[in-house]
Amino acid sequence: MRPIRTLVTLAAVMVASWSAHAETVHVAVAANFTEPAKALAAILEKTTGHEARLSFGASGAFYTQIKNGAPFDVFLSADDERPARLEKEGDTVPGSRFTYATGQLVLWSAKPGLVDDKGEVLQGGQFNKLAIANPKNAPYGAAAVEAMNRLGLQATLQPKLVTGESIGQTYNFVATGNADLGFVAMSQVLQGGRLKGGSMWVVPGSLHAPIVQDAVILKRGQGNPAAKAWMALLSSPRTKDLIRSYGYAVK
Amino acid sequence: MSYGGAPAPPEHLLCPMLDATSLAAVRLSIELALATTCILLVLGTPLAWWLARGDAGALAWLRTPVRTLVAMPLVLPPSVLGFYLLVMLGPQGPLGRLTQALGWGTLAFSFWGLLLGSLVYSLPFVVQPLVNAFEAIGRRPLEAAATLRASPLDAFLHVALPLARPGYLTGAVMGFAHTLGEFGVVLMIGGNIPGQTRVISVQIYDHVEALEYTQAHWLAGGMLVFSFLVLLTLHLTQSRKAPA
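Heads up: the sequence lines are chains U and H, in that order.
Sequential numbering from 369 applies to the first sequence in the numbering used here.
Sequential numbering from 48 applies to the second sequence in the numbering used here.
It should be emphasised that the hints constitute simulated quantities derived from the structure, not laboratory data.
Cβ atoms here follow ideal geometry from the backbone N, Cα and C, with glycine treated the same way.
One or more hints might be untrue.
[To be verified] Which residues of chain U face chain H? A few of them, derived with a C-beta cut under 7 Å, are:
id	residue
1	G428
2	A429
3	T432
4	K497
5	K504
6	N505
7	V530
8	T531
9	T544
10	G545
11	N546
[As the list claims (entries may be wrong)] Restraint ranges, calculated between C-beta atoms of paired labels, are given here:
id	chain 1	residue 1	chain 2	residue 2	range
12	H	L123	U	N436	22 to 32 Å
13	H	F275	U	T524	42 to 52 Å
14	H	G150	U	G458	55 to 65 Å
15	H	G104	U	K406	46 to 56 Å
16	H	S126	U	T392	19 to 29 Å
17	H	R144	U	A407	32 to 42 Å
18	U	K406	H	S126	13 to 23 Å
19	U	K435	H	L121	28 to 38 Å
20	H	L204	U	N517	58 to 68 Å
21	U	I411	H	L121	40 to 50 Å
22	U	D485	H	R144	27 to 37 Å
23	U	E449	H	L162	36 to 46 Å
For reference, chain H alone in the conformation it holds in the complex (with noise of 0.2 Å):
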């Protein structure tokens, strides 16, 4: 939306149900999507697994408490989440006096910020797919790669990774759906900048609250439709790679 500024590009050229700012607010939806769930999957594979190894290692202690943390996001509001993230991100909060002096300016309302909060709310929907994956390989297939002299890290990759397989598709399913439906978080810390901070979640929101039920339900309709086939699919792959 501009504020009375430049006249909006023809609507309907664009494309015939959505106008600009409803395309946008998809747009930059998947590229936060997207970027989250790259992010975590990179980020999650050595944390998921450290915590899959059961009670070896040295920081042993550390699993149950970390494992805690991740699950956390299921259950906090996300109004719990964008309040500290508000706090923290400003002026004097600690990121963002880290940013600061990082000479990025401060994260609230920007891309960035989205994204951060993102990685926090989707992190167990990532993590705890690859900890199961990682789990039900169990010790054994790399035990037998050792014997043949593999490095841990070739047994890692050769072994675990194509096991772990099934677990890094739910996980990258469920970050970017997870992230798609973030709401509560982007309307704490988005400021709801068009293309850069207002996802679909919040352009429904506005939509529906200036009473544009027809954008919404398209736009809403849509999450719908999408949701369903990429559960759908999701549901069919599993079932067909379950044992019989």
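Okay, chain U solo, but in the shape it has when bound (with noise of 0.2 Å):
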């Protein structure tokens, strides 16, 4: 009897002792930031003993399921609106709001070679379907549709458009080959600061407004120290350079 009182006391004992100093912080992730946060959530275990659970989805998305009471700590958008909006209606932690990340748009396709340099794949229409995320959800789908505009294209690819819920359909999308071309994220495609496969175009800045990814702490992750040290890990100088080597431009 005796041995076995100890150990469940000394279980106990272990359990509230872990949970004091370890927390967890409930993280909204835009699918484009996806593998930096996969990565920052493993140093973040290793250096805090803190636990990062991250939801990867379209920044619109997340924001309509914050405001109806999703239980995410911060959100790391894929854009500045939707956190400055969230803030000025009271779902923030005050003064907690600071751009992450500045994305790059590329034009991708798992066929090497389709892609040329200077994307003029596009104007050819040498291809089946191209892809973009949802405009209205998701900040890079925008960034593609202002992007076509600009190059006064849309009238032309408007039939052979697909559309994804986030950037990680899109992203599947060419990836499985279903769809020849697509607008992706520069960070899904690099690995290593590398290009993984096929071909891309790094889509000039010129073509759309700059995509500012923006991180908040929300209402709920106040006080929580898990929530603090993230957004800590996420602004520390080490972070900024892994940040780059997926392609982001980081101030």
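If you follow the hints, you should be able to join the two separate chains into one complex; please do so.
Set out below in structure tokens:
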């Protein structure tokens, strides 16, 4: 009897002490930031013991979910507009918002050689489908639409457009070859700073408004040390280098 | 939705509650559901007939595995179907290779791709009522028809089919309603193209995600009322037919 009781007490004490130090932060991550966020979650756990639980999706979808009480502590958006709106609407911890990255839009194909480095493939029409993210919900989709408009190609390309619910699904459509081309985030097609495969055109910043990506602590994350630790990690100089290696610009 | 292209037609003129894209989604959903139901009723008939024949025939051992396969879409998450369809329909996939060889291109993001997905997804909802109906008839009426020198086809057309009518009604209604309610598969292989692959359920999802609750309410409320009426009608006709 006695050894068992001791063991149970010991276990209880251990659990209590662990939970006192290690907290959990629920992070809503814009789909384009999936890879870096996973890397950061591993670093957070190793350095602080805090656990980051990540959800990936379209920024617009997250905004709606947060407005409807979704249990997220931190929101990493793919734009600055939605975090600013949440801040104005009183759903965030004041002063917690900052820009963690500026995104890079690319035109990508899983086929090597299909996309030239000037994006002229768009004019030729030698492709079956062009995938974009839903411009209503995904900032990368909105940037893609803007770029097509500036190129004067929206009417020609319209019949070939297919829309993914997030930039993640858009990437998937192209990666499986179901769509020949797609406007995706550079972070999705880079691995260790180099193109994973296929061919890409880095869309010039002059073709769309910059994709300024803001992070913010939500009301629910107020007083959560893990949320604070996550934001501190996100803005640390070493993290900035890590984020840059995925093709983002970081100030 | 037009992505910054031509101005949308004046929505309020088309229908006071639904905008043009919503109406297109309604139309597309009905077309898809009708096509799926008709094809499944035709293809499902010989399949259900064979499945209902108990342990007779040379390939009798195949019945249980086939029955299991037919029931699989009932329990599989739509994402499983969507994932495999996406991979198989792609240019490297077996179905994609076939459709390309036939000169049809790839089927993802097209009405035909959705139709294929719907056929798989709604298969059990049509076939199972047919199997039940054929089983309920039993062999007696057909044996009687045979003694009256009716050919097997005659017996099937003039004895089995009329007797199986309640099964056809149930199968048609369930197949139609279930296809109308399809979401996950379409979301994964559709590509959300207005008028081609954006069905009602996806349109509702888009409205909700974009916080357009008014439009979402009209479509979602419409689906709610429609589904209730369809099932109510089905239950009323069935209970009237049931023996007292």
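Structure-inconsistent hints, enumerated in ascending order:
none
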